[in-house]
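Number of protein chains: 2
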Amino acid sequence: MVVQGADGGGANDGSPIVIVSNRGPVTFSRTESGTRTHSRGAGGLVTALNAVSRRQKEAVWIASATSDEDASVAEESRDEPYEVEDLRVSLVEHDEDAYDLMYNNLANPLLWFVQHGLYGLPYAPALGDDTRRAWEKGYLPVNENFAAAVERVLEGSPRGRGEAEPIILVHDYQLYMIPHFLRERLGEEPFISLFVHIPWPDPEGWRVLPRYIREGILRSLLQADVVAFHTQRYARNFVRTANEVLGAEADEERGVVRYDGREVWARAYPISIDPGEFEGLAASDAVREQESSVRNLPGKLLLRIDRTDLSKNVLRGFQAYGRMLERHPAMKGEVTFFAGLQPSRGDIPEYAAYAEAIQKAVDEVNEVHCTPSWQPIVLSMEDNFPRSVAAYKAYDVLLVNAVRDGMNLVAKEAAVVNEENGVLVLSENAGAHEELGEFAITINPFDLDEGADAIYAALTMPEEEKKRRAEALNRQVRENTIEEWVEAQLRDIDAYRERRG
Amino acid sequence: MVVQGADGGGANDGSPIVIVSNRGPVTFSRTESGTRTHSRGAGGLVTALNAVSRRQKEAVWIASATSDEDASVAEESRDEPYEVEDLRVSLVEHDEDAYDLMYNNLANPLLWFVQHGLYGLPYAPALGDDTRRAWEKGYLPVNENFAAAVERVLEGSPRGRGEAEPIILVHDYQLYMIPHFLRERLGEEPFISLFVHIPWPDPEGWRVLPRYIREGILRSLLQADVVAFHTQRYARNFVRTANEVLGAEADEERGVVRYDGREVWARAYPISIDPGEFEGLAASDAVREQESSVRNLPGKLLLRIDRTDLSKNVLRGFQAYGRMLERHPAMKGEVTFFAGLQPSRGDIPEYAAYAEAIQKAVDEVNEVHCTPSWQPIVLSMEDNFPRSVAAYKAYDVLLVNAVRDGMNLVAKEAAVVNEENGVLVLSENAGAHEELGEFAITINPFDLDEGADAIYAALTMPEEEKKRRAEALNRQVRENTIEEWVEAQLRDIDAYRERRG
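Top line first, the protein sequences correspond to chains A and B. Residue 270 in the working numbering sits at position 270 of the first sequence, and the numbers go up by one each step. Residue 1488 in the working numbering sits at position 488 of the second sequence, and the numbers go up by one each step.
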């Protein structure tokens, strides 16, 4: 790995860098006494982009204003970024209705479902006027609003040394139309990359979207210079989709799409974590205080930590565990399945129904298999991050059985702090499988019996084999850290610009 | 088109030809007086294979015995084909439980759903021991039973002139494992093609299957010489699937897969119909008797004819029609939607639920939009083929909006007998779209408003435009008849064997 210092060589040296993501690194509020205060955001994307910010100290980070105080900061930072801690942020206030349509009617139900392949197609989606409205009155204006903010930030920024072109790093499925609006405003000059943090489906899957959306988004993405994903599979799916839906010229092998006179690179940069951050957390008081609650559960610890998302395959996880107990009754009392499920998107009806189905599945397994002194599954549907990290340290088996998952950072976070040579049971459809698959027990997430067998194999694996795998897993995660994730992207930006001349 | 006579040149000249399909061309029964009688089967596949039989007069057709009398014929035709009309058939009796597992537990629920992309993946399928049992105790033995029958037929058949190798033409998703069992028994000598009559999904879709099935089927298909589909898209999906799931060497452009030392061609032969057959039907008394019942419906005739299959997208068809009436109230009384839906697979719970949902959707539209003298939708859930053909003659608009569909022969059948310059509204996911799309109004089957707009545009299309499209459609169907479908396959068999030397 070649690490370039912040002032090192490379074509991006001196270029103004702008990060754009829907959710920002900080949220502002007022204390009772009326002083402005802020809290630093958490979550995989924020951690990752923090690393970009660290690497590129002059970077400005544009994000949506989500609180009243954010709105004040947005107003104040219209012309000049707001400096907070080591960050330079510029917040964007959106029309409330537009934001709601973008977020709750288009990005989260429709794009999320299509890209994870979650629809039961005989019945859903039923696309129509509501979809068009969410697109035209929500998704497009919010994206245009962001593009205007990028333009303002660039106008206010010094152009660095000489002729350096600005670099715009756009993130995720809420913001697909930004490249389109940016080119309208700024032409071909800025370098634009857009990072898709969720799976990119096969062309058949993408074609579920209404024509104006599926083509509109692709055309916009092909106005970027690099479209980035977590896995080779998603990058290849994207190249194929561009070819089949727009007729773009595609070179799958090289990950290049040519369209409308432009050359676009489709690249995979598997996102990672900051191992030091999790080591610090693992040693913190908050986490230590939670440890006994997970370590005192009877028997070995089978763990899952997820949002209650339909993509996470929570139901089949419990069903597979139930089958394992059915086949191996001797395991009763020898293991407890602790499921820490953070509630998610409860206002979308599909999610509310899913949360109910989860509770029912847990009750069924507990009823059938419990003993007077033992409860097979302990379910916690609350957001308790310190307890999750405590459980990371303590698990014997970690279950990540997603239907589909962009990356799944839980697998990586847990691997670096686990103290038990825990075994990873990993869905072949999690993005993390491309990197971690060879050290895990791979499962087809739809196959309950394969899941049951995998859980049993993991629980009964010889200590030596567990150790070998856990060490390799840990090493793999530490070798591709979040810093490397940033560097790889910056190297490609240099390469792309060099090629373009 | 180069038509080779039955005795014309070509490498297949003189080769024994064996057709294998689950459903056969005839079913036998006994009259009350105890004489054996038979009825000729109908349906697209039977029509198509009849054409092969006509072209290759010596062909033997192997199919499952499905009646008691079939079983007697199976017994009698063990060593020598049974001759009936112009056909030579050999029926295969299966173990009843094995057949049931193959048909009702594996082929129709699982493979059908996977290949049409019908599962709502957060909940279904829940694969497990039942799946494995249906595979091991049902699908495999039934397929092996067929392979044994092929071997018997070949042993009893004269080897034609000289060294000609046998040609085995296997059909459809119930019989994927026949190539595997045939190679075990007969080695590399016979030419084997397997025709897949339903969609082949993208690799992500195929990966839903449990590992032993998805790999087992692919390995068997790659023991054939040609794997055939109705569209280029399915052939390409197959090549990609073989590459991604098995790691087979794939040449997408040329449609070639190399695996295990063999070269396999993936080819598209769009199946068609016998226009003469439908002209004859259209002129028959049985059809004429039904005409008034469809022609007397008020206003223009919007038609759909389908099985009540989840792949057919019946619900969204009614919903789109309802939206059209909502937007264009002036159309009330000016059109009637006649839906002839043949009940299908009512013993599979998903299908029973779908039939109920259909009735509910019809009731809703009828309730909201009816007038004292007009019912918006007339639903018939019975199997009345003469009335369907009568409706083919009379429709102004034909709606084919399948979620996914291997080909959809209704679109072709109806086009050749329609007398009203009827307009075809066609799903981009129907196989027929590759050939007929440019003469139809194309819709995304998931978009209700696009469907509503398409129905309205079709109902109000100027006569001249309708005529131009209807004529082109008719011509297109007549130019690629079922005879050409057969010839194209035989030509490729020649080419393949020539290449192999």
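Wrong hints could be hidden among the right ones.
Heads up, incomplete: computed chain A residues facing chain B, CB under 8 Å, no partners named [stated by the list, open to error]:
| id | residue |
| --- | --- |
| 1 | W112 |
| 2 | G120 |
| 3 | L127 |
| 4 | R152 |
| 5 | L154 |
| 6 | G205 |
| 7 | P210 |
| 8 | L281 |
| 9 | A283 |
| 10 | R307 |
| 11 | F446 |
| 12 | D447 |
If we take Cβ atoms under 10 Å as the criterion, some of the chain A residues that face chain B in the derived model are [what the hints assert, rightly or not]:
| id | residue |
| --- | --- |
| 13 | H197 |
| 14 | A452 |
| 15 | R499 |
| 16 | G501 |
Hint data in this document are derived by calculation from the structure and do not stem from the laboratory. The C-beta atom is built at its ideal place from N, Cα and C for all residues, glycine as well.
Results of checking the hints against the structure:
1. W112: violated (12 Å)
2. G120: holds (3 Å)
3. L127: Since the shortest Cβ distance to chain B is 4 Å, the answer is holds.
4. R152: Nearest chain B Cβ about 36 Å off; hint violated.
5. L154: For L154/A, the interface hint is violated, since the closest Cβ of chain B sits about 38 Å away, which is over 8 Å.
6. G205: holds (7 Å)
7. P210: The hint holds - P210/A has a Cβ within 8 Å of chain B, the shortest such distance being about 5 Å.
8. L281: Since chain B brings no Cβ nearer than about 31 Å to L281/A, farther than 8 Å, the hint is violated.
9. A283: violated (37 Å)
10. R307: Interface hint status for R307/A: violated (13 Å vs cutoff 8 Å).
11. F446: holds (5 Å)
12. D447: holds (4 Å)
13. H197: At about 18 Å, which exceeds the 10 Å cut-off, the nearest Cβ of chain B leaves the hint on H197/A violated.
14. A452: Holds, because the Cβ-Cβ distance from A452/A to chain B comes to roughly 8 Å (cut-off 10 Å).
15. R499: violated (26 Å)
16. G501: Cβ of G501/A sits 31 Å from chain B, so the hint is violated.
Checked against the numbered hints given earlier, the structure breaks hints 1, 4, 5, 8, 9, 10, 13, 15 and 16 and satisfies all the rest.
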